[in-house]
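> Here is how the chains run, residue by residue.
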Amino acid sequence: MGYSLSKDQFNSLLDALKKSYTVYGPAVDPDKGNYSDTDRITYKKINSFDDLVLDMKTYFSPKEIVYPVREPLFHFSDGSFFVPHIDEKKIAILLRPCDINGFDRLDTVFLKNGPEEDFYYKRRRKNIRFFMIECAEGFDNCWCVSMNANRTDMYDVAFRFGKEILADVKNEEFIPYLVGFPQTEVDIQFIEKNSIEVKVPEIGSISPESFDLEMWNEYTSRCIACGRCNTSCITCSCFTVQDVACGTEGRMAERRRRWAGCQLNGFTDMAGGHSYRSKNGEKMRFKTMHKINDFHRRFGKHQCVGCGRCDDVCPQYISFARCINTLSEVVAERGKNEQ
Amino acid sequence: MNNNPYIAEKAKLIRITPETAIDSTFTIAWDKPVKPGQFLEISIPGAGEAPISISDFNDGELSMTIRKVGRVTGALFDMKEGDTLFARGPYGNGFEYNYYAGTNLKIIAGGTGLAPVKNLIKTFMEPRYVNSLEVLLGFKTPEDILFKNEVLSWVESATAILTVDNGNYDWKGNSGLITQYIPQLDLNKPQDCVCIVVGPPVMIKFVLADLLTRDVPRENIWVSFERNMSCGIGKCGHCKIDNTYICLDGPVFRLPDTMKLID
Ligand SMILES: Cc1cc2nc3c(=O)[nH]c(=O)nc-3n(C[C@H](O)[C@H](O)[C@H](O)COP(=O)(O)OP(=O)(O)OC[C@H]3O[C@@H](n4cnc5c(N)ncnc54)[C@H](O)[C@@H]3O)c2cc1C
Ligand code: SF4
Ligand code: SF4
Ligand code: FES
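Respectively, the protein sequence lines represent chains W and S.
Counting along the first sequence from 1, when you hit position 54 you're at 64 in this note's numbering, and nothing is skipped either side.
Counting along the second sequence from 1, when you hit position 38 you're at 44 in this note's numbering, and nothing is skipped either side.
Straight-line C-alpha distance at most 30 Å; calculated DSS-like pairs for lysine-lysine:
no., chain 1, residue 1, chain 2, residue 2
1, W, Lys54, W, Lys17
2, S, Lys41, W, Lys122
3, W, Lys180, W, Lys99
4, W, Lys173, W, Lys203
5, W, Lys209, S, Lys266
6, S, Lys16, S, Lys128
7, S, Lys154, S, Lys74
8, W, Lys122, S, Lys266
9, S, Lys18, S, Lys154
10, S, Lys266, W, Lys346
11, W, Lys289, S, Lys266
12, S, Lys38, W, Lys122
13, S, Lys16, W, Lys132
14, W, Lys67, W, Lys42
15, W, Lys180, W, Lys100
16, W, Lys122, S, Lys16
17, W, Lys29, W, Lys180
18, W, Lys55, W, Lys29
19, S, Lys74, W, Lys289
20, W, Lys289, S, Lys211
21, W, Lys311, S, Lys266
22, S, Lys128, S, Lys211
23, W, Lys132, S, Lys38
If you want a taste of the chain W side facing chain S, the calculated C-beta under 8 Å gives, among others:
no., residue
24, Phe84
25, Phe129
26, Val251
27, Asp279
28, Arg287
29, Met299
Bear in mind the hints are in silico, worked out from the structure with no lab data behind them.
Remember, it's a predicted structure, so these values are computed and weren't measured experimentally.
Cβ atoms here follow ideal geometry from the backbone N, Cα and C, with glycine treated the same way.
Using the sequences provided together with the hints, build the complete structure.
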């Protein structure tokens, strides 16, 4: 169903939704930018159209709305577990197609990898609705098209924010909120070409030799293992579980998980001092392979959705897009030499 | 709350058996089905969780042989018999009896690597399960030998060859690296042999190299992997190598399936 709204009507839609939904969208976090007196664009609660920032990319992805940076799993007291309750109010997130595809990758790990579903992810995820922001032009530093992540039909409502606001409603749950607004045909568009193109090596062209390439060494000297590329990524899902004791006798404690990342030191440390991928170039190689090769081999689709945030946030100006392209070139070159 | 896989169950600590200065076997009450080679996530609230291999099980009891190395294991060593700890699992594929039944089985274990195969050795010592069984065990020093009484009885019955890297003047047994004793195993018809290799990464590396020069087919060799693990259920990402999650797809692998695993 398609509808057409003015900005004021969009605001009254937000007001009506408020009773049952918390709406999140890209907004300004004043003075939180990387340089003094600069703002950061991030995901925040949205109260009116003017809160929305539509001409800049967010620094962090919306993943923490569903998968918080730190999350208590349970509290433990005198032999019993207490799982904390969460706010069960539904959440609608205004986000772009790449990030919806990113959530699909998170769903894959948390809900489909192995026989167990992740209880904590699932209980938030089931209350999430996607308000897709039509993204027909993208930003300077995106390569969703190369990753096949420019399109999705996994949205509940899609919006085109132009002179007027058009809404394409897919989930009937939202029709009652829109009846009354003028109906119209809405033909949601998806971006077909980014300014950055990335050539992903074909699955199967990566061989054991690809792990030894000279190119990885470059990152050993450049990457500082700060992990920003992991924390800003919509698809990075790794975490570490840890306990925090309260009180002296260890009778009360909290078990929680917090984000972890393959680009950080310590991720693979083992008892006895053994660790894998201690060089930062090896970490970069591991991340690259996971994002554009290994995940695909396991789940049939690439993990990386080409949102480009890893490149936006890297303090060392490491470009993941260039890394993928270089890998493709080297692998293709080798393929030729072998023939 | 049984749809929440992170919630652990209470388990009563029945027995603590010291093995060496830093390893003890912890036996808990346990009645869920388990396989050798699988592991549990053991936890002590306030200290944390750690993956620990199952070393033995029967009649409502399950044993784990644990080395004191840090927070969780340290807290375990402070517990006493009758205390309660928490466990979830079992996780991992474990050793599947079917793959080894009727074969000429060689189990080669170094150090704490013996723990995950202890129950397997005991099971296969029953002659009706395998065609033949030879066990080769290596420890650093005589003081590091785990399950000493049982191991010495295996040596006595000629089921096991035991060596220590460095013997002392009291030590009457073999000394030298585990690889030196591979020639004493009957590998004359390598095609008919199945080998299980468990132990620290260096030991695995040299034992595998040796077995391959003796023409044991790769697909007849099995290994068990250890990696940093946090969740045990395929979510946290710590144990992943390439497209493989060690906690889900392992920790037991047939050698050809590990050739493509590059850390
Ligand atoms: C499948 C599997 C089976 C295992 N079986 C046994 C066993 O039978 N007996 C035994 O003694 N140990 C076993 N381990 C190793 C054991 O899990 C670690 O020694 C344990 O996690 C250390 O916990 P801790 O809190 O006492 O140490 P910590 O205080 O956490 O740390 C001590 C050191 O161990 C590292 N470490 C932390 N977590 C892990 C981890 N999950 N795996 C490896 N290193 C880690 C730390 O980085 C640090 O260097 C097994 C590990 C795996 C993955
Ligand atoms: S790897 Fe980079 S481009 Fe790909 S999804 Fe993550 S942050 Fe976005
Ligand atoms: S953001 Fe850049 S420097 Fe930091 S870990 Fe990632 S690649 Fe390395
Ligand atoms: S231990 Fe968490 S994914 Fe394997």
